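Protein sequence lines, in the order shown, are assigned to chains Z and A.
My numbering puts the first residue of the first sequence at 1, with every later residue one more than the last.
My numbering puts the first residue of the second sequence at 1, with every later residue one more than the last.
What the hints contain is simulated information worked out from the structure, not anything from laboratory work.
It is possible that some hints are incorrect.
[Said to hold, decoys possible] Beta-carbon label-pair distances, calculated as ranges: (1) A/Lys29 with Z/Thr317: 44 to 52 angstroms; (2) Z/Ile354 with A/Asn49: 18 to 26 angstroms; (3) Z/Ser290 with A/Glu62: 21 to 29 angstroms; (4) Z/Glu208 with A/Glu79: 57 to 65 angstroms; (5) A/Glu62 with Z/Cys349: 24 to 32 angstroms; (6) A/Ser28 with Z/Cys349: 47 to 55 angstroms; (7) Z/Glu136 with A/Gly114: 25 to 33 angstroms; (8) A/Glu79 with Z/Gly315: 21 to 29 angstroms.
[As the list claims (entries may be wrong)] Computed cross-link-like contacts, BS3-like style, restricted to lysine-lysine with a CA-CA straight-line distance of at most 25 angstroms: (9) Z/Lys319 with Z/Lys184; (10) Z/Lys55 with A/Lys2; (11) Z/Lys55 with Z/Lys139; (12) A/Lys76 with Z/Lys322; (13) A/Lys2 with Z/Lys21; (14) A/Lys76 with A/Lys10; (15) A/Lys78 with Z/Lys406; (16) A/Lys51 with Z/Lys399; (17) Z/Lys319 with A/Lys76.
Bear in mind that the values here come from a model prediction, so they are computed numbers and not experimental data.
Where a beta carbon is used, it is the ideal one built from N, C-alpha and C, also for glycine.
Listed here are the chains, written in short residue letters.
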Amino acid sequence: MQYVIIGNSAAGTQAAETIRKYDSAGNIVIISDEPHAAYSRCLLPDYLAGERSEKTILFKSANFYGRNNVATMFGKKAVDIDSENQKVYLGDGHTVSYDKLLIATGSSAFVPPIKGIDESGIFNLRNLDDAVGIKEAAKKARRVVVVGGGFVGLEAAYSLYSLGLEVTVVERLSQIVPGQFDVKAAAILRNDMQAEGIRIITGDGIKEIAGPSLWNRLFNKTGKGVLLDSGERLKCELVVVATGTRANVGLTDKTGIKVNRGIEINEYMETNVPNIYAAGDVAETVDVVSGELGLSPIWPNAIVQGRMAGLNMVGQTRKYSKMIGMQNSVEFRNVPAIAIGLTRTPDDCEEMVIHRPHLNYYRKLILKDDILKGMIFVGDIRRAGVYAALIKKKVPVTKFKQQLLKESFGYSSIIS
Amino acid sequence: MKQIFVDIDKCTGCLTCTLACAAEHSSSKDIVGAMLEKVQPRISVEAVNGKAVPLMCRHCEEPTCVDACMTGAMQKDKETGIVSNENNDQSCIGCWMCIMACPYGAIQPNEEEGIAIKCDKCNGREVPACVESCHTGALLYVDGKTFTQEKLTKTAKALTEAS
Ligand SMILES: Cc1cc2nc3c(=O)[nH]c(=O)nc-3n(C[C@H](O)[C@H](O)[C@H](O)COP(=O)(O)OP(=O)(O)OC[C@H]3O[C@@H](n4cnc5c(N)ncnc54)[C@H](O)[C@@H]3O)c2cc1C
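Between the sequences and the hints, there should be enough to build the whole structure, so can you do that?
Here it is in structure tokens:
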């Protein structure tokens, strides 16, 4: 049996490990266009800040591939799949045959069409090579503009700030972390970052990124101008663009695999094409809260999906139980924050709130018919997992509803 | 594999287990030292409707905290079954993803050191310190399969059932 996995990250490595647990004889091949052993991209901001090295961002032990007898083809891009003859074509001309194929290609940074955005000195933060590039460029830079006030943008901002750079974040929408938190939570996080000295502009877009003028270039100066929709011009030497991600579905073009925003899979992680599975950021699964098919580009879900794919690829048939698509934990400076499930209260839902912005403290629960649909904790994130479990398992909270917002609420409150 | 079990009816809320836990995880290995070092206990005793309820990690079969860990620090040891983010090749960074994942709320943030703190079954100790210190018989260290006395409400079961 030949198992081929495209993508050497959370989902891919977890699948390989799982397959090996049940099949000691089969061949396992991992293909990756990145040349590195599997590292955690969640740690790239820490790498950027100099807090972690290329070694300490590895989330698997050094002997992972050897111990699991996994063949690696790193630095090679899969460019095509022939699903009829069960073959993967690589960019270097090689082909790899498979009996079972897992597409765990993750996602890539999405770059909006802005004038000047493809110039040098403009980076994304998705891969280790991006981080290496930013770090190198940061050495010669004094000012940086981060485009996008989402999770990755702010993490990048904070890392660069801690390197001593002057940082300005520009977010098009009226709040930071719009995809992950609500207005109140965002305001607390924003104040905390601004208190540190990071400038944050919201409600303004990027019109154009202009390279150094001819005059500056003559003197070997690399300065850029970032022109905002409002007319403001920000000077900087480095631009980091963090405006979201897109699933890497390009490979599926000729396969007939069903793709929406990601690869559609069933609860056995199978695509509609026989012997091809998908897992992680690239896959679309049903969200437990909304009941809808969608991407869930977060680390824990990539791990679980990778394992489920592995199990089903070796014939250990197991159903993927729906996960919560949105779960985020952040701590930019001092204020930890966690959001799970819904963060904005729909009209047909009820909310329970404690809001003490001066203490950097905020708790919000969203319920529908006494079933928890979402939560935001800012300042005190203890026992957030209990709420996540209540959301995931759709447990009615009627009996302990009045205790739900209390800090003392926890698993113990439920068992007695 | 031995597990720590709680017999809630027997717990009087004396907190001896929390002190013993802190002592065991301090460098001085005694209670006074643990207080000076400000060691956080990894077991907590909560008051629920006037009743004391001890709470600690269950070292789950398929731990959601391990799945959530983005550094790879949180691991379940294949031999001992202990789930811990310490003494592994990878180190904890305090991202709190495991806290977001644990349905028991059994992992605590150590804000000062920026790492997550949890029960490690006293890593290799024959009987965990909390169990040894418990005089009421509320904490037991027994084989997982032979002990079925833990009384759980339907809700609690629903919450933590393997998915
Ligand atoms: C800066 C940053 C911080 C983050 N922080 C968090 C966090 O705190 N919490 C959280 O839950 N999530 C976080 N995430 C998201 C998390 O990293 C992803 O959800 C996770 O990495 C997804 O894993 P994956 O295995 O699906 O894919 P990926 O990690 O995207 O890996 C896919 C791999 O496949 C390779 N590949 C793609 N196409 C091909 C091809 N054609 N041929 C060969 N190889 C290919 C890619 O190069 C890549 O190496 C963060 C992401 C970033 C970028």
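Here's how the hints hold up against the structure:
Range check, A/Lys29 to Z/Thr317: about 49 angstroms between beta-carbon atoms, so the 44 to 52 angstroms window is met. For Z/Ile354 and A/Asn49, the hinted distance range of 18 to 26 angstroms is satisfied, since their beta carbons lie about 21 angstroms from each other. As the Cβ distance of Z/Ser290 to A/Glu62 is approximately 25 angstroms, the hint placing it in 21 to 29 angstroms holds. A hinted range of 57 to 65 angstroms holds for the C-beta pair Z/Glu208 and A/Glu79, which are about 60 angstroms apart.
Between A/Glu62 and Z/Cys349 the Cβ separation comes to about 31 angstroms, which falls inside the hinted range of 24 to 32 angstroms. Roughly 51 angstroms separates the CB atoms of A/Ser28 and Z/Cys349, a value that falls within the hinted 47 to 55 angstroms. For the pair Z/Glu136 and A/Gly114, the supplied restraint of 25 to 33 angstroms holds, since their beta-carbon distance comes to about 27 angstroms. At about 27 angstroms, the CB distance of A/Glu79 to Z/Gly315 agrees with the hint of 21 to 29 angstroms.
Our distance criterion of 25 angstroms between C-alpha atoms is broken by Z/Lys319 and Z/Lys184, whose separation comes to about 38 angstroms. Between the alpha carbons of Z/Lys55 and A/Lys2 the distance comes to roughly 35 angstroms, so the proposed pair goes past 25 angstroms and is violated. Proposed proximity of Z/Lys55 and Z/Lys139 is supported: the alpha carbons are some 21 angstroms apart, at most 25 angstroms. Restraint check for A/Lys76 and Z/Lys322: satisfied, since their Cα atoms lie roughly 23 angstroms apart, inside the 25 angstroms limit.
For a cut-off of 25 angstroms, the pair hint linking A/Lys2 to Z/Lys21 stands: about 24 angstroms separates their Cα positions. With a C-alpha separation of about 30 angstroms, the suggested pairing of A/Lys76 with A/Lys10 is violated against the 25 angstroms cut-off. Straight-line distance between C-alpha atoms of A/Lys78 and Z/Lys406 comes to about 37 angstroms, which puts the hinted pair past the 25 angstroms bound. Straight-line distance between C-alpha atoms of A/Lys51 and Z/Lys399 comes to about 17 angstroms, which keeps the hinted pair within the 25 angstroms bound.
Restraint check: the Cα-Cα separation between Z/Lys319 and A/Lys76 comes to about 23 angstroms, which is no more than 25 angstroms; the hinted pair holds.
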